[in-house]
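First to last, the sequence lines map onto chains A and B. Counting with this note's numbering, you get residues 1 to 462 for the letters of the first sequence. Counting with this note's numbering, you get residues 1 to 462 for the letters of the second sequence.
If you are wondering where the hints come from, they were derived from the structure by calculation, not from laboratory data.
Since the list can't tell identical chains apart, any single copy or any two copies may satisfy a pair.
The list that follows gives simulated cross-link-like pairs (lysine to aspartate or glutamate, DMTMM-like), each with its CA atoms no further than 25 Å apart:
#	residue 1	residue 2
1	Lys221	Glu302
2	Lys221	Asp291
3	Lys67	Glu438
4	Lys435	Glu58
5	Lys405	Glu178
6	Lys435	Glu65
7	Lys405	Asp104
8	Lys215	Glu299
9	Lys441	Glu65
10	Lys221	Glu298
11	Lys409	Asp104
12	Lys409	Asp364
13	Lys409	Glu105
14	Lys221	Glu287
In this text the structure is predicted, and so the values were computed from the model without any measurement.
Protein chains: 2
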Amino acid sequence: MNAGVVGTLRKLIGEDWVLDNLEQTKGYLYDQTEELIRPRAAEDSIVVKPGNTKEVSEILKYANEVKIPIVPRGGGTGLCGAAIPTKSSIILSDERLNKTIEVDELNLMVTCDAGVTLAALLEKLKEYDNLFFPVHPGDEGAHIGGMVVQNAGGAKAVRHGIMRNHIKGLEVVFPTGEITNLGGKLIKNNSGLDLLHLMIGSEGILGIVTKVILKLYPEPKYSGTLLVSFNNREDAIAVVPQILQRGIIPLAIEYMERDVALESAEHIGAKWPAVDGSVDVIIILSEDKEDTLYEKSEEIVEICDSNNAVYTSIAESAREQNTILAVRSNVYTAVKHNAVDGLDMAVPIGSIPDFMREIFRLADRYGAKTPSVGHAGDGNIHNFIMRENGEIPPYYEELKEEMYKTAVKYGGTITAEHGIGKTRVPNLALQLSHKEIELIKAIKKAFDPNGILNPGTVVNIE
Amino acid sequence: MNAGVVGTLRKLIGEDWVLDNLEQTKGYLYDQTEELIRPRAAEDSIVVKPGNTKEVSEILKYANEVKIPIVPRGGGTGLCGAAIPTKSSIILSDERLNKTIEVDELNLMVTCDAGVTLAALLEKLKEYDNLFFPVHPGDEGAHIGGMVVQNAGGAKAVRHGIMRNHIKGLEVVFPTGEITNLGGKLIKNNSGLDLLHLMIGSEGILGIVTKVILKLYPEPKYSGTLLVSFNNREDAIAVVPQILQRGIIPLAIEYMERDVALESAEHIGAKWPAVDGSVDVIIILSEDKEDTLYEKSEEIVEICDSNNAVYTSIAESAREQNTILAVRSNVYTAVKHNAVDGLDMAVPIGSIPDFMREIFRLADRYGAKTPSVGHAGDGNIHNFIMRENGEIPPYYEELKEEMYKTAVKYGGTITAEHGIGKTRVPNLALQLSHKEIELIKAIKKAFDPNGILNPGTVVNIE
Chain A
1 MNAGVVGTLR KLIGEDWVLD NLEQTKGYLY DQTEELIRPR AAEDSIVVKP
51 GNTKEVSEIL KYANEVKIPI VPRGGGTGLC GAAIPTKSSI ILSDERLNKT
101 IEVDELNLMV TCDAGVTLAA LLEKLKEYDN LFFPVHPGDE GAHIGGMVVQ
151 NAGGAKAVRH GIMRNHIKGL EVVFPTGEIT NLGGKLIKNN SGLDLLHLMI
201 GSEGILGIVT KVILKLYPEP KYSGTLLVSF NNREDAIAVV PQILQRGIIP
251 LAIEYMERDV ALESAEHIGA KWPAVDGSVD VIIILSEDKE DTLYEKSEEI
301 VEICDSNNAV YTSIAESARE QNTILAVRSN VYTAVKHNAV DGLDMAVPIG
351 SIPDFMREIF RLADRYGAKT PSVGHAGDGN IHNFIMRENG EIPPYYEELK
401 EEMYKTAVKY GGTITAEHGI GKTRVPNLAL QLSHKEIELI KAIKKAFDPN
451 GILNPGTVVN IE
Chain B
1 MNAGVVGTLR KLIGEDWVLD NLEQTKGYLY DQTEELIRPR AAEDSIVVKP
51 GNTKEVSEIL KYANEVKIPI VPRGGGTGLC GAAIPTKSSI ILSDERLNKT
101 IEVDELNLMV TCDAGVTLAA LLEKLKEYDN LFFPVHPGDE GAHIGGMVVQ
151 NAGGAKAVRH GIMRNHIKGL EVVFPTGEIT NLGGKLIKNN SGLDLLHLMI
201 GSEGILGIVT KVILKLYPEP KYSGTLLVSF NNREDAIAVV PQILQRGIIP
251 LAIEYMERDV ALESAEHIGA KWPAVDGSVD VIIILSEDKE DTLYEKSEEI
301 VEICDSNNAV YTSIAESARE QNTILAVRSN VYTAVKHNAV DGLDMAVPIG
351 SIPDFMREIF RLADRYGAKT PSVGHAGDGN IHNFIMRENG EIPPYYEELK
401 EEMYKTAVKY GGTITAEHGI GKTRVPNLAL QLSHKEIELI KAIKKAFDPN
451 GILNPGTVVN IE
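Chain A on its own, in the form it takes in the complex (with noise of 0.2 Å):
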């Protein structure tokens, strides 16, 4: 990066806020995608660390006058590329806008600085009797910023929805450096075409968050985990919508396959419970009072048992619930490592079965293996394509196609939670119309007309 830049920068924000120097900058040069598909960082990109709003202003005006990129980074753990400069850029790193966490018990939310990790948040809500926030992506050194932008979602999606459900207020600055407070601690607002809304899941690409306001929850005081073993896929993904039908809405409910679950429990050293069955599914129910616990847990295992389960056990203590909570969180590093990536389709609830019957046969007809773990309760699944001696295998893009076409033909998405980024740009046109992506395109233009922010992400633009 010119020096020129860099000198203008540091007398924007200050001399120890702009890193130029690779030693210190390559901690910023990538996010979580995995290693063999993480697009290329160009590594003459400086970073930034703005202290406020007005720095964070000042730094897009200037970048949107002399046409530099500027890339918006948070915790780095997105799984899409979003974060990583693929051009040379002014990495705009939000550390330090941490300092703000508002607890506002009389309204029921927290307005939170976009740098505040979820494990700071969490940590905050501790000091309340009985507050919650109920989304939790997995890696908790996400930032709030950052799960706003990629509209984060996770295990307990659901009872509670994803982020857009609990986002009512954005501090925002956009690109030619106007700040705007969006929303606010309302539960209802029809003022205009909704730009908050806009704002989640835009991935960097509309404007930089600076502030959050999200909605807290009373938290229910019993929770109780259900592990549940079935000797094949189709009879345990067959129970996910016939407990929703039930009326029964657990926290979680999330299926595993044995292989995925025994290797998740040799990485973190933990003896996994079930012995019979090939196929885990895991229920988390948390209601308000003991027997509504138990009642729902009996219902459960009766619509389990009626579904050939071989073996079904109810994780009571914190201790037998945390070690199950910590084979399925575990997972995605303990795969990684020999994974080329890690698909993030959803598809209808009720297409599950069918939908994970074709991904199967997908598979095998190109001799892969896809070990398969996901949020069964929302259609979300996660197929793994694994390497083959340690490296792409051939088949890998076309695999992937016919997977995301299979997904879109039942309905559904590309990426349920993970995002488009950089890496699914080129499968974007798989699933949405020649319309939509114009849109998209048309919007991204009238908010950031010299297109400066976050370049390659979610469409590319001449």
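Please build the complex by placing chain B on the supplied structure of chain A, with the hints as guidance.
Below, chain B without anything else, positioned relative to chain A:
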């Protein structure tokens, strides 16, 4: 309207479905906006009634080519003039797009044609044991498509949120004629900028909604209605955040002043059960278990007692409940004939008492009466500005603007659920920044380059 236009449209969709005679069209020239502030309709507007999505597309292509405004119309139940053609227009009524109501029990979703009424949807759901759609804006003549583009709210938002929370998929025709499906039967979907959420609340300025996929829910089995009376507004309003903080999320918390309740009761020939006090709060609970219903009712009564409630009754019989709800539902109809404007502001729930105090002080300053009812549980209060001698009082615009400024000062909105439409366009800048209005205009331009869709709604574009 030019005879050539009428002729072309008749060729496109059939002789019977194009009305150009004022006798036939006059019922299409207004919505439910209060009479004295209702925008004046262009009486030479014509009405088209396409029978399917393809015909909608053909009408739009033609209108876009000849640059004639299209005003989309659903049930005509709106309260902001969005459906009123203020320029000579083609009114596109979706009344014939009312064939499909497809309940998908497996996915707990329903697919409706846009012209299906809320009444028809609720009737259809009665055929099922345990399925529930929670949004109810009051008037069941509302069309589902209209409820989408107006992002309808209503009393149950405390627990279930608004239309936005339940819309999963849309079929949309863009002004340039393209038919596109946005979203689907999915809980999670992060594929690009979210055009689905941009369409929600877009008030007919971006495209025409022709089909809607909505989420359904299992219906809680037990419901009860509490009627609690207070001697003053402050005590009544203060219970709202206290109930929510206790972790009780009722289906609805409604605030109603006694004179309004009595007027509405008289209007429908019912007897209002409360005598003592001057302000009532109605709390509707809906629970899976009978004993939970009782426990929560008792907790609420306790909270109300400690806030100086002067009368409390728990209506359990369907008859008692229905009387209370009918009185609440009919407030609008009862008060309307004597009102100039039913405002629709919302503020953070914790600010309701202070906000209301200022609103009443403002009204006093102008010597105005402001009877008030509202969805107190979500911060949304409807304050009425009343007629004087049957006319708009001279202070109306000024008082309204002062009230709007007060809402904004408390972090609120000038319209929580009714929308900007045509009546609130002049006030939009009180809430939105110049930049937000500029972005809204740019998005409008991207979707509708010739500005044919619902001109004068949301933003004025020259």
